[in-house]
Amino acid sequence: MRGNDREAAVRRLLEQAPRAVPPEIHAEAVRRGGRMLRRRTLARRALWLLLFAATVAFTVWALTARPWVEPPSHTTPPLTGW
Amino acid sequence: MRQRHASRATRRAREFEAFVAGAAGRLLHAATLLTAEAPDDNPRARRLLTRSLAHTYASWDRLRGEDPYDRTRQHLATRFARGAWHHHGGLGRSRPHPAGQLAPLTPQERLILVLRLYEGVAEEQTAALLGLSPERVRAICHRATTTLLHRRRDPAPAVTAAKAVPS
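If you read the protein sequences in the order shown, they are chains A and B.
Mapped onto the UniProt record's numbering, the consecutive letters of the first sequence carry residue numbers 1 to 82.
Mapped onto the UniProt record's numbering, the consecutive letters of the second sequence carry residue numbers 1 to 167.
Bound-form chain B, shown alone (with noise of 0.2 Å):
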């Protein structure tokens, strides 16, 4: 009993530092795309992810041919949208790095861009995932597209459209 529990454990391990050497990189650049941190300096990013994947360790021996990286990447979401949600209500108004190349857009926005369009994540399951209606996720991934390619076009006036627009 203890002998398999030992081998299970060193099994989760080694398995479990492949995945992180695979996929940590593509979660990090997407936690710091998140929270609009400048990619040397995303504190909140890694924080993010390393909660995640401390959660994916736990439920590891759990998952039954789930995909762990589905699973980090939901929990990434969920995370991100519960903490933007409570104490980051407004970032809008008070952001300390203003580097990220996502940084004109609401917590919301950046969220299901980085879902639908660098994640490829299906418009359904982001809709079920965030609890909002298709429809919906379609309408925010347009607008935020809108605000990031006009803003990229003429920058200058960039930081009074991006206050313009609402959230």
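Chain A with its partners taken away, still in its complex shape (with noise of 0.2 Å):
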């Protein structure tokens, strides 16, 4: 119980009558949380629009390279002159 008896007398001395808040936090606040919002927003977008891109440009290279179909053989010579 000694122990409680200490927590009690800390938390009486912690305790205070409340203050009024000063109005500019609340603005602040949602002047920060806003910007933070809208930070978020245009990154999420630069990286969807980054993704799209990225596919665009993998499909056109794919239909221009064709890298499935198998390249001409340069191995064998060429068979003339029989």
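In case anyone wonders, no lab produced these hints; they're calculated from the structure.
Incorrect hints may have been included.
[What the hints assert, rightly or not] Just so you have them, the derived chain B footprint on chain A, three or more residues with Cβ under 8 Å:
#1 3 to 10
#2 15 to 22
#3 32 to 38
[Unchecked claim] From the structure, some residues in chain B lie toward chain A, with a derived Cβ separation under 10 Å:
#4 L27
#5 D40
#6 R46
#7 R51
#8 L113
These numbers come from a predicted model, not from an experiment.
Using N, Cα and C, we set each Cβ at its ideal position, and we do this for glycine too.
Hints given; two lone chains; assemble the complex.
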């Protein structure tokens, strides 16, 4: 019980009549929070855009280069003169 | 789409204003206790609270039933712990505002005392939040209580006693 008494004493020490909160805290928090939200939105958009651009670039490259087609052989000499 | 976005923004603003009106007083007092500043002159506590509230505002739509007060308090505690770690390492040596009630304690002792006794956070949760073991939290809390009550009982040798207590 000794410990509880001490904790209660410290709690009384910490408790205090509530003071008025300056209104600029709310305004500043909203300003900063809004800025963070806007930045996050922008970053998300930029990442989606990047993903889209990468997909388009890959598709275009695949259609032009056709990496799945077997390349013509260069090792066998052409069969001529017989 | 745009309309839904706008209505969500106004709802967020309204709810957040109500939350700040209800909770900011208590949180500001907790922050002032943490920074050990005088209740009337607490620029650091205000800055701490503003940053934490801004984070709560930014994640307001993604809280999903989580308590915003809890979230803000967590943010406050981790931000204070980090700030105390890297730019107030020598807080015990050079303290510009020795006016707060918890001024004789170290930043970590203040943080644990405020979380445990003022905010009533459970020992395990405090330990998890700060990355300590529950036994260590209990020991630090006990030591802080002792320092505080001892100093209050006889304020004359308080300065030497507070300095003699290992951090």
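### Interface restraint verdict for B:R46 against chain A (beta-carbon cut-off 10 Å)
6 Å, holds
The hint names B:L113 as touching chain A; please verify it with the least Cβ-Cβ distance against 10 Å.
7 Å, holds
Given B:R51 was flagged as interface, is its beta-carbon under 10 Å from a beta-carbon of chain A?
-> 7 Å, holds
Point to revise | Proposed interface contact between B:L27 and chain A, which counts if any beta carbon pair is under 10 Å | key: 9 Å, holds
inquiry  = Using a Cβ cutoff of 8 Å, are there at least 3 residues of the segment 32 to 38 of chain A near chain B, or does the coverage claim fail?
reply    = Holds: 5 residues of the segment 32 to 38 of chain A have a Cβ under 8 Å from chain B.
**Prompt:** Does the segment 3 to 10 of chain A contain three or more residues whose Cβ lies closer than 8 Å to a Cβ of chain B?
**Reply:** holds (count 5)
Are there three or more residues in the segment 15 to 22 of chain A whose C-beta lies within less than 8 Å of some C-beta in chain B? It holds: at least three residues are needed, and the segment 15 to 22 of chain A offers 7 whose Cβ sits within less than 8 Å of chain B.
Exercise for review: With a cut-off of 10 Å on the beta carbons, see whether B:D40 makes it to chain A.
Suggested key: At about 8 Å, which falls below the 10 Å cut-off, the nearest Cβ of chain A leaves the hint on B:D40 intact, so it holds.
Of the numbered hints given earlier, the model fails none.
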